[in-house]
Each structure stands twice: as structure tokens, then as C-alpha cells.
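Protein chains in written order, with the working numbering: chain A, 10 to 209; chain B, 10 to 209.
Hints in this document: simulated from the structure, not taken from any laboratory. Just so it is clear, the structure is predicted and the values come from calculations on it, not from any experiment. One thing to keep in mind: the hints can contain errors.
Any copy will do: because identical chains look the same in the list, a pair fits if it lies in one copy or spans two.
As a list, the in silico DSS-like pairs of lysine-lysine whose alpha-carbon atoms are at most 27 Å apart [to be verified]: (1) Lys84 <-> Lys45; (2) Lys33 <-> Lys45; (3) Lys45 <-> Lys92; (4) Lys34 <-> Lys45; (5) Lys45 <-> Lys60; (6) Lys84 <-> Lys62; (7) Lys62 <-> Lys33; (8) Lys148 <-> Lys169.
2 protein chains.
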Amino acid sequence: MNFFGINALESLINNLSHLPGIGKKTAQRLAIFILKSDAQFAEELADTIIKLKHETQLCQRCFNISEGPLCHICKDEHRDASKICLVEDIVDILAIESSHEFNGRYHVLGGVISPLSGVMPEDLHIRELVDRVTNENLKEILMAINPSTEGEATMIYISKLLKNNNVLITQLASGVPIGSNLEFIDPATIGRAILTRRKL
Amino acid sequence: MNFFGINALESLINNLSHLPGIGKKTAQRLAIFILKSDAQFAEELADTIIKLKHETQLCQRCFNISEGPLCHICKDEHRDASKICLVEDIVDILAIESSHEFNGRYHVLGGVISPLSGVMPEDLHIRELVDRVTNENLKEILMAINPSTEGEATMIYISKLLKNNNVLITQLASGVPIGSNLEFIDPATIGRAILTRRKL
Chain A
10 MNFFGINALE
20 SLINNLSHLP
30 GIGKKTAQRL
40 AIFILKSDAQ
50 FAEELADTII
60 KLKHETQLCQ
70 RCFNISEGPL
80 CHICKDEHRD
90 ASKICLVEDI
100 VDILAIESSH
110 EFNGRYHVLG
120 GVISPLSGVM
130 PEDLHIRELV
140 DRVTNENLKE
150 ILMAINPSTE
160 GEATMIYISK
170 LLKNNNVLIT
180 QLASGVPIGS
190 NLEFIDPATI
200 GRAILTRRKL
Chain B
10 MNFFGINALE
20 SLINNLSHLP
30 GIGKKTAQRL
40 AIFILKSDAQ
50 FAEELADTII
60 KLKHETQLCQ
70 RCFNISEGPL
80 CHICKDEHRD
90 ASKICLVEDI
100 VDILAIESSH
110 EFNGRYHVLG
120 GVISPLSGVM
130 PEDLHIRELV
140 DRVTNENLKE
150 ILMAINPSTE
160 GEATMIYISK
170 LLKNNNVLIT
180 QLASGVPIGS
190 NLEFIDPATI
200 GRAILTRRKL
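With the hints as extra help, turn the sequences into a complete structure.
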């Protein structure tokens with residue numbers, strides 16, 4: 010499409026459409042919004058993008074977002090250092106933290122194994138996880154990977170890799186979400202909930 | 010929600026969520042993507058945001074995006090200066106232009122009249138349109154406002170305002186989109202297409 014031959018507009022639309030979930034049409038709408046907003050908003054937006062890159066980094070131990078070499082969870086002495094929760098992505102840490110049910114540390118995998126998308130084990134932080142199991146005297150690894158086909162395969166791969174270490178490997182329970190309506194739950198989830206049913 | 014208490018992350022999420030159609034969750038996902046992308050991408054994104062504001066402005070005549078006081082359509086001597094296409098937003102110009110069926114100039118209204126959302130006639134570029142009708146010796150105004158309830162009301166308001174001027178006021182035909190399937194078209198559109206049916 011021709012954006013009136015205006016280079017500045019075309020470049021911004023092009024850059025915005027590299028963001029996840031943002032297509033050409035959405036990028037166009039966002040760019041026009043920025044164009045029409047006051048200069049202060051645009052400057053603040055640009056400024057915070059640069060600041061995020063300059064003021065933060067990934068935690069050297071767990072690959073969480075951090076303002077220093079270690080993130081605030083790894084530095085927190087009140088957390089149980091013998092437990093690690095393994096997650097796909099940084100945003101999953103927020104989800105687990107908001108449940109207030111886990112008091113250990115984390116390890117961000119950076120994705121799941123997916124040969125079709127070209128993601129192999131060596132592209133993820135699996136080697137670093139094995140190193141932590143060797144060096145940190147861990148008791149439990151709770152796998153909180155999203156329960157997709159590839160997520161399940163990744164959990165099986167990692168649990169096989171670690172099976173000779175003396176560490177308990179657990180995974181989040183699958184089943185019917187609290188407050189949900191059976192009518193709207195997919196058959197695979199219902200099936201899993203029946204197979205793993207508990208005694209009342 | 011607590012974004013690990015990292016100010017740079019919180020500010021960016023806050024700024025991104027001011028963009029249209031971007032909620033807190035999406036803003037969070039975009040911010041984490043920017044965090045993990047290389048520094049060059051973040052710098053280019055920030056740079057193009059600033060450049061868009063510095064290198065473009067709104068056309069003084071029609072409020073289209075422009076690199077100078079007049080946009081490339083207003084400056085184009087091959088366009089028919091006696092016809093104006095009235096649109097809600099700048100992106101609508103792209104849609105009309107891509108049809109290659111209109112060779113006049115444009116006028117961007119900047120929205121539609123919507124008392125419930127606090128948008129009154131004086132918030133739109135209606136006065137400037139009336140001035141153009143007075144000064145530019147126009148023959149036709151084609152109203153290409155989106156056919157919502159508020160859009161229709163806005164078209165009626167403007168056509169009443171201009172009725173004593175010697176200018177032909179037209180509006181885009183409403184009806185069944187080309188290539189569509191009657192089964193999936195809403196009743197209001199079908200009804201309008203029946204009422205405005207043409208002889209074959």
C-alpha cells in the first residue's frame with residue numbers, strides 16, 4: 010500500500026508491524042494515532058522504549074527481567090532457593106506470582122521445543138537449567154510450561170534429561186479452571202480432568 | 010499489577026496502553042518483546058516515532074497527513090479541485106484512493122458527531138469545510154463517512170448546514186459488498202440494498 014509516499018510514516022508502520030500480534034492494518038492505525046497525538050506523548054513513548062533497553066537486562070541466573078545482574082526474586086533471601094519454577098516466558102512469572110502460591114525461584118526457558126518452527130533444545134535456556142540442577146542443590150523443579158502439545162513434549166524432554174539427578178520434578182495440575190462452566194470446556198481438558206480426578 | 014517494581018518497564022507498558030486497541034495485557038506483551046529484541050530494533054522504533062512527529066504535519070487545507078503546509082493531493086494539479094470527498098479519518102483516504110475511482114480532493118472531518126462521547130460539531134473540521142464551500146467554488150461534496158448511526162447523523166447535519174450553497178451533496182452507496190455472501194450480511198444492509206435497488 011502507498012502511505013502517501015511519506016517516508017517517516019512508512020518507516021514507523023514497518024517497525025510497528027514487527028511487534029507480535031500487530032499486522033499492517035493495526036500498525037497503520039497506531040501510526041496515525043501517534044501522528045495525531047501531541048508531541049509530548051510521542052516523545053515519552055520513544056523515551057520509555059530507549060530507557061527500557063538501557064535500564065534493564067536479563068537476570069544472569071534465571072533470565073527474568075532485572076535492573077542488575079540478578080533479578081529481585083533471585084536476590085530475595087526469603088525465597089526458597091531449593092525450588093525452581095520453570096516457565097516459558099517472563100510474563101508467566103507475573104501469572105505465577107499473582108497466585109501467591111509459589112515461594113521459590115524461577116527459570117525462564119525462552120520458549121518451547123518446536124522443530125517445525127525451528128526451535129531446538131539448544132535455542133532455549135535448558136543447558137543453564139541443567140547447570141543449576143548440578144550446582145544449586147535443588148529439591149524440586151515445578152514445570153509451569155503452557156500445556157500445548159509442544160509444551161508437553163518440552164516438559165517430557167527436560168524431565169528425561171534430569172531424571173538421574175536427585176531432584177523432584179513436578180508439573181502444574183491440568184483440569185477444569187475454577188469458576189468455569191463445563192459446557193464450554195474443551196474435551197481434551199475434561200478428559201484430562203477425569204483421568205487425574207481426585208478423591209473428595 | 011506489579012511489574013517486578015521496574016520503573017522503566019512500568020512506564021513503557023503505561024504509555025503503550027494509551028494506544029488505540031492496546032490493553033494492559035497486550036502492552037505487557039509488546040514491552041516484553043521490546044525488552045528481548047536487540048537494541049537496534051528498539052532504537053529504530055523510538056527514532057521513527059520521533060521522526061514521524063518532526064517530519065510530518067496536517068495539511069492546512071484538508072487535514073490529511075503532509076510533509077509541507079499542503080498535502081500531495083492538494084498540491085496535485087491533475088486532481089479535480091471542484092470535488093471534495095469528506096472522510097472521518099486519514100486512513101479512510103487510503104481506502105478511497107486504493108479504489109482509483111475518485112479524482113478530487115479530500116476533507117478530513119476528524120471523527121463524527123457523538124454527543125454521548127462528548128464529540129460536538131465544533132470539535133470537528135466542519136467550520137473549515139463550510140469555509141471551503143464558500144471559497145473554493147465547489148461543485149460536489151461526496152460524503153464517505155462510515156455508515157454507522159452517528160456517521161449517518163453527521164452526514165445529515167452537514168448536508169442541512171450546506172443546503173443553501175449551490176453544491177451537489179452525494180453519499181457513498183450502501184448495499185451488499187462485492188463478492189460477499191447474502192447469508193452472512195446483516196438485515197439492515199440487506200434492507201438498505203432492497204430500498205435502494207437499481208434497474209438492471
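Intra- versus inter-subunit Cα pairing at 27 Å for Lys84 with Lys45 = Answer is between; shortest inter-copy Cα gap is 21 Å, intra-copy 44 Å.
Between Lys148 and Lys169, at a C-alpha cutoff of 27 Å, which is it: within one copy, between copies, both, or neither?
-> Answer is within; shortest intra-copy Cα gap is 16 Å, inter-copy 78 Å.
With identical chains treated as interchangeable, where does the CA-CA distance between Lys45 and Lys60 reach 27 Å or less: within a copy, between copies, both, or neither?
-> both (24 Å within a copy, 13 Å between copies)
First find the shortest C-alpha distance between Lys45 and Lys92 inside one copy, then the shortest across copies, and answer within, between, both or neither for a cut-off of 27 Å.
-> Answer is between: at 25 Å across copies they meet the 27 Å cutoff, but 50 Å inside does not.
Indicate which option fits the pair Lys33, Lys45 if close means a Cα-Cα distance not exceeding 27 Å: within, between, both or neither.
-> both (18 Å within a copy, 22 Å between copies)
With 27 Å as the alpha-carbon cut-off, assign the pair Lys84 and Lys62 to within, between, both or neither.
-> Only inside one copy: Lys84 and Lys62 sit 21 Å apart there, 42 Å across copies, limit 27 Å.
Taking 27 Å as the upper bound on the Cα-Cα distance, should Lys34 and Lys45 be classified as within, between, both, or neither?
-> Answer is both: 17 Å inside a copy and 24 Å across each meet the 27 Å cutoff.
Homo-oligomer pair classification [Lys33, Lys62; C-alpha up to 27 Å] | both (25 Å within a copy, 20 Å between copies)
Every hint from the earlier list agrees with this structure, and none is contradicted.
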